[in-house]
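Working from the sequences, and respecting the hints, build out all of it.
Chains as they are written, first to last, in UniProt numbering: chain A, 1 to 146; chain B, 1 to 146.
Hints listed in this document are in silico derivations from the structure and should not be mistaken for laboratory results. The structure displayed is predicted, hence computed values, not measured ones. Do not take every clue at face value.
Identical copies go unnamed one by one, so any copy, or any two together, can satisfy a pair.
Claimed, not checked - Below, in silico cross-link-like pairs of lysine to aspartate or glutamate (EDC-like), each with a Cα-Cα straight-line distance of 20 Å or less:
| no. | residue 1 | residue 2 |
| --- | --- | --- |
| 1 | Lys73 | Asp41 |
| 2 | Lys63 | Asp108 |
| 3 | Lys63 | Glu80 |
| 4 | Lys137 | Glu80 |
| 5 | Lys137 | Asp45 |
| 6 | Lys129 | Asp140 |
| 7 | Lys63 | Asp45 |
| 8 | Lys63 | Glu110 |
| 9 | Lys73 | Asp108 |
| 10 | Lys73 | Glu110 |
| 11 | Lys129 | Asp45 |
| 12 | Lys129 | Glu110 |
| 13 | Lys137 | Asp41 |
| 14 | Lys129 | Asp108 |
2 protein chains.
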Amino acid sequence: MQSAETNTKLNRACLLLALRRYSATVLNMEQTVLLPSLLRDVESDEDEDCFQDCHSATGSSCKDLYDYYLMLKAVRNTVESGLITLDDRKTQTYLAQNKTLEPMLEADPEALFHFHLRGLFSVMGNLTKKSQGVTTKYMDIIGIMN
Amino acid sequence: MQSAETNTKLNRACLLLALRRYSATVLNMEQTVLLPSLLRDVESDEDEDCFQDCHSATGSSCKDLYDYYLMLKAVRNTVESGLITLDDRKTQTYLAQNKTLEPMLEADPEALFHFHLRGLFSVMGNLTKKSQGVTTKYMDIIGIMN
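Quick look at the structure:
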């Protein structure tokens, strides 16, 4: 019986904790990365293939670690303020690509609620890892062993 | 200049406020609906067509207002606890229907973050309206004029 309870606990996660963890990780990144310009033209380990393509093509939208650094800080500001820009162009494009979601909003708002809640939790985990990755790479660049 | 600033303010919305507004609306619904069983077999105004189909078919998943009442309370509990059930079957089905989102998670986590944040805000507004609708309909049933 106790084992079943433990399982239930393990299968639950808290959005608020994920948001706080993200803020703390970005703060740590900011305090470590004292010269953000050193991150320019440094590719993320995950994006190596993409980055190689970028160097052979022009006008590509590949991000270096400096772009990630700025993006992670911008997301942190949104997380901490809780403010949503309703006319955000990026999101508009995103929504246009996901037109299939709209009819479902009417059909099952509870499922849509869980979908977005879980999605937000998942993307926060992903961004937290990216922020840790930027910090680790920066320490690597300036020669500090982890 | 001031007009541009006002526009920016109008185009921003706060998720935290939307969540609080939802909790307050559900609390009001709970305090008004003293006999929830009166909501059984009462269709939502929005679902009239669906409800008529249900009465002619068997095994359909149309919701009456009592189902909505229970669903709105369940969502409120999740909102207030902030806990996400990671093995939720409904969400799993939902995610399976939206496989297109997964490659985008890797491609642009910032856009995905805004997509889910905005989506959550939007669905909270929708559920708040549904909760107000249940309260109004209940008052209508017991003969209280709004």
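When Cα atoms must be at most 20 Å apart, do Lys129 and Asp140 count as within-copy, between-copy, both, or neither?
The answer is within: 16 Å in one copy meets 20 Å, while 52 Å across copies does not.
Under a CA distance limit of 20 Å, which applies to Lys129 and Asp108: within one copy, between copies, both, or neither?
Classified as between; 14 Å across copies, 32 Å inside a copy.
State whether the alpha carbon distance between Lys63 and Glu80 is at most 20 Å within one copy, between copies, both, or neither.
neither (24 Å within a copy, 37 Å between copies)
20 Å Cα threshold - placement of Glu110 relative to Lys63:
Answer is between; shortest inter-copy Cα gap is 12 Å, intra-copy 36 Å.
At 20 Å max between alpha carbons, let me know whether Lys73 reaches Glu110 within a copy, between copies, both or neither.
Intra 31 Å, inter 11 Å, cutoff 20 Å: inter-copy only.
Alpha-carbon proximity context of Lys129 and Glu110, limit 20 Å
Cα proximity of Lys129 and Glu110: across copies only (13 Å, versus 29 Å in one copy).
Give the relationship of Lys73 and Asp41 under a CA distance limit of 20 Å: within one copy only, between copies only, both, or neither.
Within one copy, since 18 Å is at most 20 Å while 50 Å is not.
Have a look at Lys73 and Asp108 and pick one of within, between, both or neither, based on CA distance no larger than 20 Å.
between (34 Å within a copy, 15 Å between copies)
Status of Asp45 relative to Lys137 across identical chains (alpha carbons, at most 20 Å):
within (9 Å within a copy, 56 Å between copies)
What label fits Lys63 with Asp45 when the C-alpha limit is 20 Å: within, between, both, or neither?
within (11 Å within a copy, 49 Å between copies)
Identical-chain pair category, Lys137 with Asp41, by Cα at 20 Å:
within (12 Å within a copy, 60 Å between copies)
Is it within, between, both or neither when you check Lys129 against Asp45 at 20 Å Cα-Cα?
Classified as within: same-chain Cα gap 12 Å, cross-chain 46 Å, threshold 20 Å.
Going down the numbered hints, you'll see the structure goes against 3 and 4, while the others check out.
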